[in-house]
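There are 2 protein chains.
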Amino acid sequence: MNNVSLVTISKPIKTELAEFSTVFNASMKSKVGLVDLVTKYILKQKGKKIRPLLVLLSSQIAGTINERTYRGAVLVELLHTATLVHDDVVDNADKRRGFPSINAIWKNKIAVLMGDYLLSRGLMIAVDGKDFDFLKIMTDTVKRMSEGELLQIKKTRKLDINEETYFKIIADKTASLFETCCEIGARSSSDQAAYHVAMRKYGEYLGIAFQIKDDILDYEGSTKLFGKPIGGDIKEKKITLPLIYALAHSAKDESAKIKKLIKESGKTDSVTSVINFVQNKNGIQYAEKIAKEYADKAKKCLEVFPENSSKESLLALLDFVIERKQ
Amino acid sequence: MNNVSLVTISKPIKTELAEFSTVFNASMKSKVGLVDLVTKYILKQKGKKIRPLLVLLSSQIAGTINERTYRGAVLVELLHTATLVHDDVVDNADKRRGFPSINAIWKNKIAVLMGDYLLSRGLMIAVDGKDFDFLKIMTDTVKRMSEGELLQIKKTRKLDINEETYFKIIADKTASLFETCCEIGARSSSDQAAYHVAMRKYGEYLGIAFQIKDDILDYEGSTKLFGKPIGGDIKEKKITLPLIYALAHSAKDESAKIKKLIKESGKTDSVTSVINFVQNKNGIQYAEKIAKEYADKAKKCLEVFPENSSKESLLALLDFVIERKQ
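Chains A and B are the protein sequences, given in the same order. Using my numbering, you'd call the opening residue of the first sequence number 1044 and step up by one each time. Using my numbering, you'd call the opening residue of the second sequence number 1044 and step up by one each time.
Pulled out of the complex, with its shape left as it was, chain A reads as follows:
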């Protein structure tokens, strides 16, 4: 299953993804010049569009893609974009997808307001389409995402985090939106509750695997051309699965020494030492094993569906997520 690419995965819904992009770009239009300027800048930085892809595939595996599917895909992508813009303020990030971040160019104030604008646009689309089930799922997700991030910040300050808390945080801040994408997709094309539940669970496990892999990438070898630089999480004192495992499998004095290094992690030397420590303690292998387990659990969720091209794509997406290099 090597060399899985998003292009291959998208094949069964190629025309639908193009249609989505048209609707999505139109949804971001505003009469306020500054809003249009910022949204155009956002649209130039093409992301992976994994979330709309999930909505479309989840709709197709359960039935036929329709107007409601597109509204759902636009809703989740607007919300995701809103949270990225806010996250850049939250993380004080200078870059996003290789481009300077919104807050780096236009300052925090505009980033905060643009996030609020994009979020309200997404919700308006659901209100106008009378997709009240989407709204219920979505507002709950916004709440979970912000609670997850706040929990992470609190634990980060104390460098005090175990596996249980880690899984709670990533379920809320990351997996909740993947769950939402899959459930919204299935709901848009089918009335079968069993399908809604199966896709929601698939999304949850996929999302957890996705975040674990994201956290692994922070520890891996070469500096990446795009995306977050290596060691970024350590500098921000974010304790993720590879490090949690390594700390739990060290003597007390060694783990105390590493925590001290993390506190001083403004210095590059300290970051390198922490990365080496995690590698020596097999923290990355362990996290990879767990990500694989979640991917396998997600695969099982698809057993209720008949064999078809969208199912193949959703299976391949799991391999893509845990094998990706960025």
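Simulated from the structure, these hints should not be mistaken for laboratory data. Among the hints, a few may not be true.
The list treats identical chains as interchangeable, and a pair is accepted whether it falls inside one copy or across any two copies.
Below 16 Å or equal to it, Euclidean Cα-Cα: the simulated EDC-like pairs (lysine to aspartate or glutamate) are [unchecked claim]:
1. 1197 to 1079
2. 1152 to 1137
3. 1335 to 1137
4. 1152 to 1279
5. 1072 to 1183
6. 1150 to 1279
7. 1057 to 1279
8. 1278 to 1062
Mind docking chain B on chain A? Use the hints.
Then chain B, alone, in the frame of chain A:
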């Protein structure tokens, strides 16, 4: 009509306001410790609660206060609180209602996430109550509020703003939420479209008068104990009605000189000169006259309603808004 107080105005709905506070405080609970800590801090700083007051009075003037009225009041107050928390990041404010702001204590990242959390909580209450009309009004309001603020930022940078743009900005960033409060209140207790429209218009005019008065207070005499310090808008290069009028009634070289002073308004001397200029040109009297005109237009909107104690309060509220000292 001097010495109107919010206590007198609240009299017809005293027990209902107390009930609102109980429901509102409960709505902000979270299992995440940091969220609870921040919300408790917010709840300690009792605001004027003008928005829930408006929802309750608008419900009572059109019918009888009920469960849906309370949900509406909680929804608008949660949204208002969310925007205050975000505004402090937007304005880089250190203080709010005489207390250090959330971002001053917990930094921008927590302020952004808390705003998102409070917004989603508000929307969830409307979703759970199946108040889909509220949701439609509310998401449109969030969009207008962020667009209004973004338009203000854009114009601020160029010091380029006329009365028309000023009224567009304050209608979107401030009056839209007052409109929403009054329409939601009327909708919660009555099916009569004429009542919904009358209260929406009342809210719009009240909101415009409220913001003009807010902008006047930035120019007025003594340093205030609570709230924004005098001259804060000038320091942020926000051109409001008193200054727009004064600039429009000056010779070209004088107005150019003042604009230069605003650009350097980090210095206290420059701020004082701008305030003196506005006072000499009767900018404050002019703005007071316009605020009074909007208050009178708002009064006319209430003519469709029979005489009762809520109507008296809504009339008195207009006097309170334009006569207040903070």
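These are the hints, each one checked on the structure:
1. When the C-alpha separation of residue 1197 and residue 1079 is checked against a cutoff of 16 Å, the pair qualifies only between copies, where the shortest distance is 12 Å, while the shortest distance within a copy is 35 Å.
2. For the homomeric pair residue 1152 and residue 1137, the shortest alpha-carbon distances inside one copy (15 Å) and between copies (14 Å) are both at most 16 Å.
3. Taking identical chains as interchangeable, the C-alpha atoms of residue 1335 and residue 1137 are never at most 16 Å apart, the minima being 32 Å within one chain and 47 Å between chains.
4. Proximity of residue 1152 to residue 1279 under the C-alpha cut-off of 16 Å is restricted to the inter-copy arrangement: shortest distance 13 Å between copies versus 22 Å within a copy.
5. For the identical chains of this complex, residue 1072 and residue 1183 are inter-copy neighbours only, at 14 Å across copies versus 26 Å inside a copy, given an alpha-carbon limit of 16 Å.
6. In the homo-oligomer, the alpha carbons of residue 1150 and residue 1279 lie at most 16 Å apart only across protomers (14 Å), although the nearest pairing inside one protomer, at 20 Å, exceeds that limit.
7. Proximity of residue 1057 and residue 1279 under a CA criterion of 16 Å is satisfied in neither setting, with 38 Å inside one chain copy and 49 Å between copies.
8. For the homomeric pair residue 1278 and residue 1062, neither the shortest alpha-carbon distance inside one copy (40 Å) nor that between copies (47 Å) is at most 16 Å.
In terms of the numbered hints stated before, the structure departs from hints 3, 7 and 8, listed from lowest to highest.
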